[in-house]
Amino acid sequence: MIRVILPHHLRTLAHVGNEVEFEVKGAVTQRSVLDALEARYPMLRGTIRDQVTFQRRPFLRFFACEEDLTHEPPDSPLPDAVRSGAEPFIVLGAIAGG
Amino acid sequence: MSKVRVLVGTRKGAFILESDGKREKWDVSGPHFAGWEMYHLKGSPADPNRIYASQSSGWFGQMIQRSDDGGKTWHQPGTPSGELPAPGPPKAASNKFAYDASAETGKPLTTHQWYDGTQHPWEFKRVWHLEPSLTDPDVVYAGVEDAALFRSTDGGQNWHELSGLRGHGSGPKWQPGAGGMCLHTIILDPSDAGRIFIAISAAGAFRTDDGGKTWKPINRGLHSQTIPNPTAEVGHCVHHVAMHRARPNVLFMQKHWDVMRSNDAGDSWQEVSGNLPTDFGFVIDVHAHEPETIYVVPIKSDSEHFVPDGKLRVFRSRIGGNEWEALTKGLPQSNCYVNVLRDAMAIDSLDKCGVYFGTSGGQVYASADAGDSWAPIVRDLPAVLSVEVQTLP
Chain A
1 MIRVILPHHL RTLAHVGNEV EFEVKGAVTQ RSVLDALEAR YPMLRGTIRD
51 QVTFQRRPFL RFFACEEDLT HEPPDSPLPD AVRSGAEPFI VLGAIAGG
Chain B
1 MSKVRVLVGT RKGAFILESD GKREKWDVSG PHFAGWEMYH LKGSPADPNR
51 IYASQSSGWF GQMIQRSDDG GKTWHQPGTP SGELPAPGPP KAASNKFAYD
101 ASAETGKPLT THQWYDGTQH PWEFKRVWHL EPSLTDPDVV YAGVEDAALF
151 RSTDGGQNWH ELSGLRGHGS GPKWQPGAGG MCLHTIILDP SDAGRIFIAI
201 SAAGAFRTDD GGKTWKPINR GLHSQTIPNP TAEVGHCVHH VAMHRARPNV
251 LFMQKHWDVM RSNDAGDSWQ EVSGNLPTDF GFVIDVHAHE PETIYVVPIK
301 SDSEHFVPDG KLRVFRSRIG GNEWEALTKG LPQSNCYVNV LRDAMAIDSL
351 DKCGVYFGTS GGQVYASADA GDSWAPIVRD LPAVLSVEVQ TLP
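Line by line, the protein sequences are chains A and B.
Under the numbering used here, the first sequence has 95 at position 95, and the numbering climbs by one with no breaks.
Under the numbering used here, the second sequence has 231 at position 231, and the numbering climbs by one with no breaks.
Where hints are given, some of them may not hold.
Some, not all, of what chain A presents toward chain B, calculated at C-beta under 7 Å [what the hints assert, rightly or not]:
#: 1; residue: M43
#: 2; residue: G46
#: 3; residue: F59
#: 4; residue: I90
#: 5; residue: G93
Just a sample of chain A residues kept apart from chain B, beta carbon distances all over 10 Å, derived [to be verified]:
#: 6; residue: P7
#: 7; residue: H9
#: 8; residue: L13
#: 9; residue: E21
#: 10; residue: A27
#: 11; residue: R31
#: 12; residue: R45
#: 13; residue: I48
#: 14; residue: D50
#: 15; residue: C65
#: 16; residue: T70
Calculated from the structure, these hints are not laboratory results.
As the structure is a computational prediction, the values presented were derived from the model and not from experiment.
A virtual CB, placed ideally from N, CA and C, is assigned to each residue, including glycine.
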């Protein structure tokens, strides 16, 4: 089971709590995790990646196991601890005022 | 007794203000979508319980929200309220606005002019304005940035671009205003289902007479000192356009500078700024029952976006422009430096008609006597982006 922590506004949009869990079939990568997340919570489509270009939204970053994975290739395997569910995959919004 | 429901979009959420026909006591609900920019909310004329809302964020992009119960509950179209979606492909793509560049129906995704005069690719950013059909609650139009017009025929679940507008051919000459290259005005002609007027900052006004397949610029008579050719076919920074339902060929326009009027559905325009203290501004609207009575809120200048002389004044003309009177009763007349944005004025259809506007300072003012006197409904909301009103039985 993959664990994902979402920023506040996406939790309210998806009507979920601090953390969501779901299965990912096949290789566990940024792309497969986001694909599975969007399939489980369709209202999140377009909020993390642009729906047309599939580019990560510029004010969002990805972390896991205290590592910044934001700029890792989307098909690179995620850390073992994420694959096993020991650690969450974190989608983090940039800190900005206003 | 009739009721009114005022829909307010702000920088940090949406608010709904409701009153009976007296418009003296108000119930305020919200914030809905707290923390999100709510550029626009508008109810369906065919079903007042159906309300569409544009929700966006610099972090998370564009959402479309819909209420089917007058704003009590909301959901993203295709995802019923309170129901977690089942695993599998999504039922809808309510927040997907993809420019149509298909060979069958679309136009090539060309470029438009950037601030520095270079060409820049078309990039979707947000929905500025939602315009529900006059007759079908499931049909709604969306004006977006970068400028294009989209339509949904399934209650906002899926959106398709009317690409004849973006592909009109003049697109490379369109340019963003300070707020972005937005399509902000959509007017559906109640007497002709095929006729739609739209306006873009900074391209100008356009009209279709065939339901959106083909478009023509309707900017003859506009004069803009801020572009190389002041009378160019396109490139004008139109801020807002208004029409009275009973006279769809008469249009009123607040341009970047200049208040304008057309008597021929936009084929030609004449300036009607007259005795206004400044003819810069954003909003313009028409009285519900008097087609020659119009309202504007003059703003000091394009570099000082606040009301002149520290006085918040609505100006009313009863003869369709040129001669204006200041409406000040109940509005602050000293130390006031707010702005009123282009979609932040609305008019109900009661008798006497109510006039509403919201400010960058978070106030929403209402007049229950067509502008003669004013009172704040709320004073301390986040900066107001849009105000719409529904007149309910």
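| request: Could you let me know if the closest chain B CB is still more than 10 Å away from the CB of C65 (chain A)? | output: Given a closest Cβ separation of 23 Å, the condition holds.
| Exclusion check [A27 (chain A) not at the chain B interface, CB over 10 Å] | A27 (chain A) is indeed farther than 10 Å from all Cβ atoms of chain B, at 19 Å.
| Consistency of the no-contact label for R31 (chain A), given chain B and a CB cut of 10 Å | Its Cβ never comes within 10 Å of chain B, the nearest being 17 Å, so this holds.
| Assertion that T70 (chain A) lies farther than 10 Å from chain B (Cβ) | Consistent with the label, T70 (chain A) stays out of reach of chain B, its closest Cβ about 14 Å off (over 10 Å).
| Restraint satisfaction for G93 (chain A) [CB to CB of chain B, less than 7 Å] | With a closest approach of 5 Å, the G93 (chain A) hint holds.
| message | Can you verify the interface hint for I90 (chain A): is its Cβ closer than 7 Å to any Cβ in chain B? | response | violated (15 Å)
| said: The output says R45 (chain A) does not contact chain B. Does that hold with a beta carbon cutoff of 10 Å? | reply: violated (6 Å)
| Non-interface claim for H9 (chain A) versus chain B (Cβ beyond 10 Å) | violated (6 Å)
| request: Identify whether the interface hint at M43 (chain A) stands, where standing means a beta carbon of chain B within less than 7 Å of its own. | output: holds (5 Å)
| said: According to the definition I'm using, a residue is off the interface if its beta carbon is farther than 10 Å from all beta carbons of the partner; does D50 (chain A) meet that for chain B? | reply: violated (7 Å)
| Does the claim that L13 (chain A) lies off the interface hold, with its Cβ farther than 10 Å from every Cβ of chain B? | violated (7 Å)
| task | Could you check that no beta carbon of chain B comes within 10 Å of the beta carbon of I48 (chain A)? | result | violated (8 Å)
Comparing the model with each numbered hint stated earlier shows that hints 4, 6, 7, 8, 12, 13 and 14 do not hold.
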